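Dock chain V against the given chain G, drawing on the hints supplied.
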Amino acid sequence: MNVLDIRGLTKKFGDFVAVDNISFKVGEGEIFGFLGANGAGKSTTINMICSLLQPSGGEIRILDRDIKTQSRFAKQSLGIVPQDLAIYEDMTAYENVSFFAGLYGLRGGQLKERTEEALAFVGLGDKAKSFPKTFSGGMKRRLNIACAIAHKPKLIIMDEPTVGIDPQSRNYILASVRKLNESGCTIIYTSHYMEEVEEICSRIAIVDHGKIIAEGTKEQLTATVTDVKDIVIELKTATGGEAERLTGLPGVRKASQEENVIRIHSDASVDNLNRILKRLMEGDSEIRAVEEREPNLEMVFLTLTGRNLRD
Amino acid sequence: MITWLITVKEIKQHFRDFRTFIFLLGFPIVLMLILGITLTNAFSSEMQLNDIKVLVRDSSSAGLSEAFKAFEKELGATGIAFEQLKPGEDGRKAIEDNRYTAYVEVSDAGMSQYGSSRSAIESNIVQGMLSTFADKYNAAAAVTRDGDPSKAELVFANAGSGDYVKELSIAADRSPGSMDYYAMAMTVMVGLWGAMSVGGLIRSEIVRGTGIRLLSAPIRRGEIYVGKVLGNVVANTLCILAIVFFSKWVFNAYWGAHLPVVFAVLVSEVIMATSFGIAANELVKGGGGRALVMLVVQLTSFIGGAYFPVDDSGVMGLVSWLSPIRWGNEALTNIVYGCNLAAAWPAIGLYLGAALLLLLATASMRRNKEGF
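Those protein sequences? They're chains G and V, same order as listed.
For the first sequence, counting from 1, position 39 maps to 39 in UniProt numbering; every step adds exactly one.
For the second sequence, counting from 1, position 108 maps to 108 in UniProt numbering; every step adds exactly one.
One chain only, chain V, in its complex shape:
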C-alpha cells in the first residue's frame, strides 16, 4: 500500500513537470513527422518501369504468325508497343543502340529474344510474356494434333485475357512506410528514455531534502525504490501509449491488429530501461550517472535504427543487435506486419532478463550502504 502511495506520487509529479512532459511527447512526435516526411522515398516499394518497345521479325507460317499477331494486339492494349523490323534494319544493332527493349525473331523453328541489358527488368517482362505465349501455343498445337480444333480455342480461352504476367511476392502483404517505421522506432526509443527519467528519481529526493523524510519514515528502503520504479514505469508507459495513439490517429501510422502484444513488448522495454537507469546512477554517482545514461541511450538509438533503418548485412548489422532498440523494432515489425505474435517473446525475454541482471547488480552495489 505504501509502495502504491509512492507510485501515485511519482506519476503525479511526472505529469506536473510540464517541460519534461513536453519533451517526452513533443520531441518524438516532431522527429517522427520530420523523418517520416523527408525519408518517404527511402521506404517506397513501388518500381518505375520505362516504356516497353519490342521489335519483331516474323518469318513464321500462317498459323503461328496469326497467333503472334493476336498476342501483339492483346499486349498492345496494355501499353506494350510492337514494331515490325524494316527491311535492311539490323534488329540486334537496334537493341545495342537502346532504341528497343527487346528484339524477337519468330519462325517455325521457334522464337528468339534479344534483350537490352540497360532495360533488364522490362526485358525480363517481355521474356516472361513470350514464354507464356510459347507454352500456350504449344499446348494448342498439341490439342489440334488430336483432331479437335475447337479445343485449341479452349486453351487460349481458359488462360484468360492478358494473363501473361502474374505478380508473385515472397515478401509480406504489407511493409512499413516511412511514417509507419518512424512511429515504431520513435516509440521504442521513448521506451528507452525511461532510463533518463529514473536518474532523477532518487537524486531529486536528495536535492529536495525529502529523502530524509522518506528514509526516516517507517518503511523499508526497498519499498521506496519499488514505488518509485513502478511510478516511472507507469508514467513512461502512459507516454508511450500517447505516442502510439497519436501516431495512429494523426499520422495514420500502422500498428497492426495486436496492440496488447505490442504494449507488452514496450512495457518490458520500459522496465529494462528503468533498471538500467537505476544501475547507471548507482555505478556513477552525481551527474555522471545521468551523462552515462544519456550517452548509452543516444548511442543505442543510433545503432539500433531509431533514426535510420539498419541494414542487416555487414558489421553494422551485427552491431545493431547490441541495441535494445533493435530488439524492440524487430519484434514489433514481426508482430505488426507479420502477425507473428511469438516474436514478442525473445524481446520480452531479453528486456526482462537484462532488467533482472541490472537490478541484481544494483542490489549488490547497494549492499551495506547508508542513505539512498
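So that you can see chain G by itself, here it is in the shape it has in the complex:
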C-alpha cells in the first residue's frame, strides 16, 4: 500500500511556479529521500503534504485518502520534524511532547505513557523536567523529533533533522530514524548531507526547479551517470583559487574547492588527470592525495542539476 501518493501536484505563487506538476509515491515502510537544492520546490511540496499550503492543482493522498476531503485523518497519520526547531523553550521537555501529543487527541494515562516513551526513544528520558534552553543543539533536535512521534504517526516527514549538530547527536538521530522505520513508520527524509541520504534512504527523488528530475534507488540513480567521474585532489597547502585554474581544461564540467580539497566533476570519457595535476603543479601547489571516485548520489545530483546540493 502507498502511504503517500502525489499526483500532478502544482503550486503557484502569482506567476511563479514553485512546484510544477509532480507525481510520486511512497510505499509503506520506505525511507524516502527527497533531495533538492534551496529553492527547488522541496519545502513547498512538504508544506502542501502537511496542509500548511493549499495546492494550486493536483492531488495528495495519505493512506489512500485525499487530504483535501479527509484532512483530519491525513493530519492524524502524519508527524512532522521541521527543519527549524519547533519547540517551546519555556516549557519542559515533558510538557513540550505532552502538549503536541495532546493535539492529536491523546489523553490521560495514554498521553503520559506515549510522552515518556517518545522522550526515552530520543534519549531524553532523564531530562523530562528540564527546559530546552538548558539543552545542547543535538538534544534540542532530538526533542524536536520526540514531539513528532509521540502520537505514533504512520508517516513522518523529517526536514533536515540533523542540521547544525555534532557528529554524536547526528549518529544518534540517524539510528533513531532507522529504529522508527523498523517499528513500521514510513519516513520522508530531506537533508543537505548526501552521505546521510545514501546511508539510510531506500528510495530517492531529486527535485529541481519544481520538477522531479530523477527517482529510484541509490543504485538505479548512480547507474544513470556512467559518463561522468569525480576526481578529488587533496593539496598540502592551498592558497585559494586553485579550482578556478582548472576550469576550461578538456572534460572538466565543474571544479569546486573547500579549503585544501578540490573536487572535479569531469567527463568520464576524457582522460584528463595528468593535465589537471600539471595545471595545479604549475601554480606551485603540492599534491598530497588523488582519488577517482565511483559514481555516487552527489555525482548524480551534480550531473542532473549542475549544482551541488549545498549550493
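Bear in mind the hints are in silico, worked out from the structure with no lab data behind them.
Bear in mind the structure is a predicted one, so any value in this text is a computation, not a measurement.
Errors might be hidden in some of the hints.
What the hints assert, rightly or not - Within a straight-line C-alpha distance of at most 25 Å, the following computed PhoX-like cross-link-like pairs (lysine-lysine) qualify:
#, chain 1, residue 1, chain 2, residue 2
1, V, Lys-12, G, Lys-112
2, G, Lys-211, G, Lys-236
3, G, Lys-218, G, Lys-236
4, V, Lys-12, G, Lys-127
5, V, Lys-12, G, Lys-129
6, V, Lys-53, V, Lys-73
7, G, Lys-25, G, Lys-152
8, G, Lys-12, V, Lys-285
9, V, Lys-73, G, Lys-133
10, G, Lys-236, G, Lys-254
11, V, Lys-12, G, Lys-140
12, V, Lys-86, V, Lys-53
13, G, Lys-211, G, Lys-68
14, G, Lys-68, G, Lys-25
15, G, Lys-218, G, Lys-154
16, G, Lys-25, G, Lys-218
17, G, Lys-154, G, Lys-140
18, G, Lys-129, G, Lys-140
What follows is chain V alone, placed relative to chain G:
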C-alpha cells in the same frame, strides 16, 4: 478540549515570562503609587475657610437686642467672632478694607448685612445663619403675640442648639481620592494592555517555528485562535485581579461592594482589547501591528483619563468618550461610588460589541489565507 489544551499552555507561558509578568503588574502599581501620592491635592474635597469676623451695629429694642446677644454668644462658641461697631467707625468701610467678613445692622425695622466679596463663602455662611436667626425670631414673636410667652422658648428649644447651618450635598456620600482614582484608572488601562500581549500570540508561534506543528495537527485553525485568545483573556484577567486586590489591600483603594460586577466590566474590556490586538496584527503584519496597538493603547489611555482625570466639558470631554478607558472608568465609578449596577451594561455592551465587530473584520481579512 483541544482548545482548552492551548488555553492552558498560553496561561502557563504567560506567567513563565517573568519580564512580561513584572511589567504587567509592576508598572501599573508603581504608576498608581506615584500618581496617587503626587496628585493627592487634585482630588481633595475639603474646603479651607478663613476666620469669620462679624461687625455688628445693634440699635434694636430690648427684646430683639437680647435675642441677638444670645445668638452672638452661641455662635461665639463655634469660633465666629462678633465685634460691636465703635463710635465713629464706618462699618461698610471696614468691609471694603477687608477687616471683617460681614457687617450687620440690627434695628427694629430688621437686619441688614453687608458681605465681603473677598470672603464670599464665609459671608454666605453668615448670611445663612442670620436668615435662620430671623426666621426663629419671627416665629417666636408670632407665638408671643398669641399670649403664651412659654411657647416662644419652645421655638428656640426645638430648633436645637447651634443648628444655624445644615450641610447638604447633592454629590454622592463618597467620592474617589487620588489613590482610589488611579487604582481604578490603572486597572482599566491594564485591561487594554491585553491588546499588546495578543500581538505576540501568533507571531511567537511563527518565530518559534511551532506554528508548523500547530497547523499540521488535526485541529482547526479556529480552535487554535480560540484557545490562544481564551488564554490571553484568562491571563490578563488574573493580572487585573492581582492589581485590584493589591491596590485594595496595600493602598487601601476603595473598590465598593460589587466586585463581581466590576470584574464583569473588566473582563469584557479584556475581550475587546484582545480582539483589537488580533485585528491590528492582521491588518498590519510583522512588527507594524504591535506598533499600531502600542500607539492606540497609549493614545486612548491618555485621552481616556488613565493618567489624569478628564474634564467633562469642552472638546476634550467629548473626545474622551472615544477611549475605551473612559467607558470603563465611567462604569466603574458609577458602580463603585454610586452603587449603580446598571452602569455596567453600557460599558459591557460597548466592549463586547466592539469585540464582535473586530473579530468579524479579522475573519473577513483572513478569509482564503494560508498559514497563520
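Taking the hints in turn, this is what the structure says about them:
Only pairs whose Cα atoms come within 25 Å are accepted, and Lys-12 (chain V) paired with Lys-112 (chain G) is accepted, the gap being roughly 19 Å. Straight-line distance between C-alpha atoms of Lys-211 (chain G) and Lys-236 (chain G) comes to about 41 Å, which puts the hinted pair past the 25 Å bound. Taking the CA atoms of Lys-218 (chain G) and Lys-236 (chain G), the gap is about 33 Å. The hint is violated against a cut of 25 Å. Restraint check for Lys-12 (chain V) and Lys-127 (chain G): the C-alpha separation of about 20 Å stays at or below 25 Å, so the hint holds.
Distance restraint check for Lys-12 (chain V) and Lys-129 (chain G): the Cα-Cα separation of roughly 15 Å lies within the 25 Å cut-off, and the hinted pair is therefore satisfied. A distance of roughly 13 Å separates the Cα atoms of Lys-53 (chain V) and Lys-73 (chain V); the hinted pair therefore holds under the 25 Å criterion. A distance of roughly 21 Å separates the Cα atoms of Lys-25 (chain G) and Lys-152 (chain G); the hinted pair therefore holds under the 25 Å criterion. For a cut-off of 25 Å, the pair hint linking Lys-12 (chain G) to Lys-285 (chain V) stands: about 22 Å separates their Cα positions.
Proposed proximity of Lys-73 (chain V) and Lys-133 (chain G) is contradicted: the alpha carbons are some 84 Å apart, above 25 Å. For the given pair, Lys-236 (chain G) sits about 22 Å from Lys-254 (chain G) by alpha-carbon distance, which is consistent with the 25 Å threshold. At roughly 21 Å between alpha-carbon atoms, Lys-12 (chain V) and Lys-140 (chain G) fall within 25 Å of each other, so this suggested pair holds. Taking the CA atoms of Lys-86 (chain V) and Lys-53 (chain V), the gap is near 15 Å; set against the 25 Å cutoff, the hint holds.
For the proposed pair Lys-211 (chain G) and Lys-68 (chain G), the alpha carbon gap of about 22 Å is at most 25 Å, so the pair holds. Distance restraint check for Lys-68 (chain G) and Lys-25 (chain G): the Cα-Cα separation of roughly 17 Å lies within the 25 Å cut-off, and the hinted pair is therefore satisfied. Of the pairs offered as hints, the one joining Lys-218 (chain G) and Lys-154 (chain G) holds, with about 24 Å between alpha carbons and a cut-off of 25 Å not exceeded. Restraint check for Lys-25 (chain G) and Lys-218 (chain G): satisfied, since their Cα atoms lie roughly 16 Å apart, inside the 25 Å limit.
With a C-alpha separation of about 23 Å, the suggested pairing of Lys-154 (chain G) with Lys-140 (chain G) holds against the 25 Å cut-off. Restraint check for Lys-129 (chain G) and Lys-140 (chain G): satisfied, since their Cα atoms lie roughly 14 Å apart, inside the 25 Å limit.
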